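Number of protein chains: 2
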Amino acid sequence: MSADEFSIIQTLLAPLASTVAARGLRDDAALVEFAGPVVVTTDALVEGVHFLPGDPIHTVAQKALRVNLSDLAAKAARPVGYLLTLFWPRARPAAQIAEFAQGLAQDQAIFGCALLGGDTVSTPGPLSISITMFGALVGVRAPDRREAKVGQDVWVSGVIGDGWLGLQAALRGDASHPALAHYRRPQPRMELAACLAARAGAAMDVSDGLLADSTKLASASDLAIEIDLPSLPHSPAGLAYIAAASDPIAARLQLAAGGDDFEILFSADPAQRDALAQQSLDLGLALTRIGSLRTGSGLLAFDAQGQSVALGTLGFAHALGC
Amino acid sequence: MSADEFSIIQTLLAPLASTVAARGLRDDAALVEFAGPVVVTTDALVEGVHFLPGDPIHTVAQKALRVNLSDLAAKAARPVGYLLTLFWPRARPAAQIAEFAQGLAQDQAIFGCALLGGDTVSTPGPLSISITMFGALVGVRAPDRREAKVGQDVWVSGVIGDGWLGLQAALRGDASHPALAHYRRPQPRMELAACLAARAGAAMDVSDGLLADSTKLASASDLAIEIDLPSLPHSPAGLAYIAAASDPIAARLQLAAGGDDFEILFSADPAQRDALAQQSLDLGLALTRIGSLRTGSGLLAFDAQGQSVALGTLGFAHALGC
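Going down the list, the sequences are from chains A and B.
Sequential numbering from 90 applies to the first sequence in my numbering.
Sequential numbering from 90 applies to the second sequence in my numbering.
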């Protein structure tokens, strides 16, 4: 990083640091006073793994922010501030940092948070971004992955599979595919935070594919999870993908195994069904009951006839080969 | 990242997360309750930029932790916990993560902090590490870079240039050079934190070379800084390097421009001179007065005759070409 580049970054990122705590990014550290417990999460993106080299740089910035916002939502928290570590490739024009900063600025305004500090280093490798984000609880608790209970329902927000479909469209160069935006700029479900604090057992966001993440949720709670495949919510693009497939079950599994959905997966007592249906209407956000938890371990998926479906490797995989 | 690798990481890193707040690394986020203001810092290392591909993996882990500890020391804080983002190269054996974790465990015990969470992703690029660290103030304030005042002295801890000399030794393959350890495993000056809270004006750690960092400190305070080159503290290896050089001034500038020292640079009122000399004795840590602050901008370096020394490009540079 040359002195020139340092000052470019300073100039471009400093306006994002709008709080006193950030010390104008002119110090080595921020000094933050949190009111109450803090949810702390960190998620990283790597070019060629979590986003494509050709993705617009401002959506790359926003994706980096949003995957962390999604974690906060799952923990029933609202964003407060974040730290940014930027590994900037030597070959990528430093001028693109302006677009990167603009993407962050837009999302800071939408989601209400500010840059608190960070580090920018040059790398001979791919563009990589690590964000650490702080959140404040919207209720009295942060639902843990380990809080699932036997007999609870399993729910998911939004639709499943659009992250993966969007990636496939990007790889094909299909710029008009309706799921492309979902891949490039996922929609963190901040509006669900209060509902999760009040009604969820366990909760987590779905980043590595619904099947892999369901398994993790169950495993963290020392339980088994049953998923009713045909109940999974899909977008029109997802339904079209299944309809066009020679093997519809394989197509459903593919959508459920693909990453980058950034929806919320949570468990809830059956007594919450009506309340959650009402919340879904109130929020204008689909909440779908897709399965349940029982004793044991692992994941069981069922088809429309209630038959168990053989699961191949579920991967813990971003489709680009992480 | 395959499911197997995920479980390896889980197994190896989980013991580092010894606090309830970390939720055993089995959740997407940590839930932390801080008592009072929190110093938050983040610093990243990239293989081939901030460390060498051949550096022992456990010292790489420790360097990643220590560069952040050094930032805390400069802000008069003690460590509380940290988040780790690990970009692990596909080609590097996952088994090395055990050694990496061991290095962290050793330093956690030495410095008293725990892993709170993190993210591990695979990368087609170099091994990269980002750590975000939280600290608690040891006094009533965190010295800011912007708090230098006209007429204050400029002090530095320890010795200057051993980071750079250690790097040169590593590049030559000289495994017995006394400065090698300084490059690979810098010594964060945690013992200085309380003294800085009480006696320093501005303070920062020296990571990008004393000359570049002095300039940053002065600039953050809208002042000019004068450095008396012959007063800089050097190790026997540093003094030998100067003695062997055909151009001793150039050699002094090289040591002062090299990175990776991780000493503390701070300003203090002249009234503090006796107290700081006593602190130096009490701590068994060299504290050397190397210059002063005046109105204006930029850096002026002087030789033994009090003549101004021409400064080339000071770089904001890790010597490997960042």
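Careful: at least some of the hints might be erroneous.
Note that identical chains are pooled: a pair holds if it fits in a single copy or bridges any two copies.
Unchecked claim - Straight-line Cα separation of at most 25 Å, SDA-like style, residue types lysine to any residue; simulated pairs: (1) Lys238 <-> Pro325; (2) Lys238 <-> Pro267; (3) Lys238 <-> Ala110; (4) Lys238 <-> Val398; (5) Lys238 <-> Gly385; (6) Lys238 <-> Ser386; (7) Lys238 <-> Gly373; (8) Lys238 <-> Phe200; (9) Lys238 <-> Glu315; (10) Lys238 <-> Arg115; (11) Lys238 <-> Val109; (12) Lys238 <-> Gln276; (13) Lys238 <-> Thr108; (14) Lys238 <-> Leu114; (15) Lys238 <-> Gln99; (16) Lys238 <-> Leu328; (17) Lys238 <-> Gly395; (18) Lys238 <-> Ala329; (19) Lys238 <-> Ala103; (20) Lys238 <-> Ser320.
Please keep in mind that the hints were generated in silico from the structure rather than gathered at the bench.
Computed from a predicted model, the values in this text were never measured in an experiment.
Hints versus structure:
no.: 1; hint: Lys238 <-> Pro325; result: neither (33 Å within a copy, 64 Å between copies)
no.: 2; hint: Lys238 <-> Pro267; result: neither (37 Å within a copy, 58 Å between copies)
no.: 3; hint: Lys238 <-> Ala110; result: between (40 Å within a copy, 21 Å between copies)
no.: 4; hint: Lys238 <-> Val398; result: within (24 Å within a copy, 71 Å between copies)
no.: 5; hint: Lys238 <-> Gly385; result: within (12 Å within a copy, 66 Å between copies)
no.: 6; hint: Lys238 <-> Ser386; result: within (13 Å within a copy, 64 Å between copies)
no.: 7; hint: Lys238 <-> Gly373; result: neither (27 Å within a copy, 56 Å between copies)
no.: 8; hint: Lys238 <-> Phe200; result: neither (32 Å within a copy, 39 Å between copies)
no.: 9; hint: Lys238 <-> Glu315; result: within (13 Å within a copy, 66 Å between copies)
no.: 10; hint: Lys238 <-> Arg115; result: between (48 Å within a copy, 16 Å between copies)
no.: 11; hint: Lys238 <-> Val109; result: between (43 Å within a copy, 21 Å between copies)
no.: 12; hint: Lys238 <-> Gln276; result: neither (28 Å within a copy, 47 Å between copies)
no.: 13; hint: Lys238 <-> Thr108; result: between (41 Å within a copy, 24 Å between copies)
no.: 14; hint: Lys238 <-> Leu114; result: between (45 Å within a copy, 20 Å between copies)
no.: 15; hint: Lys238 <-> Gln99; result: between (49 Å within a copy, 23 Å between copies)
no.: 16; hint: Lys238 <-> Leu328; result: neither (31 Å within a copy, 67 Å between copies)
no.: 17; hint: Lys238 <-> Gly395; result: within (23 Å within a copy, 75 Å between copies)
no.: 18; hint: Lys238 <-> Ala329; result: neither (35 Å within a copy, 68 Å between copies)
no.: 19; hint: Lys238 <-> Ala103; result: between (46 Å within a copy, 23 Å between copies)
no.: 20; hint: Lys238 <-> Ser320; result: within (21 Å within a copy, 67 Å between copies)
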